[in-house]
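A.B. asks: Numbering-wise, our numbering comes out as the position in the sequence shown, counting from 1, plus 56.
Please note that a few of the clues may not be correct.
Per label pair, the in silico range of CB-to-CB distance [to be verified]:
(1) S168 - V62: 23 to 31 Å
(2) R167 - E130: 18 to 26 Å
(3) R217 - L174: 31 to 39 Å
(4) Y240 - N60: 17 to 25 Å
(5) N160 - Q238: 32 to 40 Å
(6) E130 - M57: 31 to 39 Å
(7) V62 - R145: 39 to 47 Å
For the record, the hints were derived by calculation from the structure and aren't laboratory data. Given the structure is predicted, the values throughout are model-derived calculations rather than measurements. Ideal placement from N, C-alpha and C gives every residue a C-beta, glycine not left out.
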Amino acid sequence: MFKNRVEAGNMLVKTLQEQGWEFDIVLGIPCGGIVPARQIAKQFNCPLDVVLAKKMGSPSLPEYAVGAVTPDGEILVHERLQNLWEEQREPIKRMAQVVQKELNRQLDLFRSHKKAILLKGLRVLLVDDGIATGFTIKAAIRYLKRQGVREIRVAVPVCSRNAYRTLINEADAILVLHIPQQMYAVSQFYEEFSSVEDCEVIKILGCEDESPAAT
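Can you make the complete structure from the sequences, with help from the hints?
C.D. replies: Right, here's the structure in full:
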């Protein structure tokens with residue numbers, strides 16, 4: 057059990073240092089992932105930025121996630137729902153365009169005080185506050201690969217067993233502090249798990265721009 061996201065980030069810092077991991081930039085997955093990502097970027101004197109991917113519902117059941125969309129509009133559909141993709145390709149594409157528009161609106165909001173960092177050729181450390189299904193972070197990893205990054209490593213405080221098995225085949229390396237026998241939600245492993253609002257993400261990114269790590 058972690059006290060909060062800051063403590064989880066500090067625990068990741070310690071383990072990353074012990075294992076001698078090296079990276080050029082830390083990318084947090086908003087909104088919760090930006091808090092542990094900030095702790096790591098601060099201690100490793102690395103630039104901090106964000107990467108986004110959003111779940112997308114089915115055209116017939118919007119609340120039922122069938123895939124994830126990234127800023128470049130790519131759609132990652134669950135392997136078990138390939139038949140649905142074939143049957144409803146055009147409606148899913150239209151829904152993906154709506155999700156992409158909202159995703160980029162949020163990204164523009166985060167960019168209001170911070171310009172995007174060119175990722176091509178960099179060694180990336182991707183950070184979240186926890187991984188339950190692993191689907192959105194899988195989409196984020198594939199998006200980063202399309203950006204031409206040199207290496208993608210993932211560091212999270214807690215991750216489900218199924219997600220871990222998937223991600224070890226997607227990322228170059230993955231560090232997890234705790235892999236529980238059963239996992240229903242990331243929040244069950246935190247004493248304090250309040251929502252991280254967009255304004256806090258903007259503030260963290262803005263402060264990072266003024267820190268020595270960003271010079």
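A.B. asks: Which numbered hints does this structure break?
C.D. replies: none
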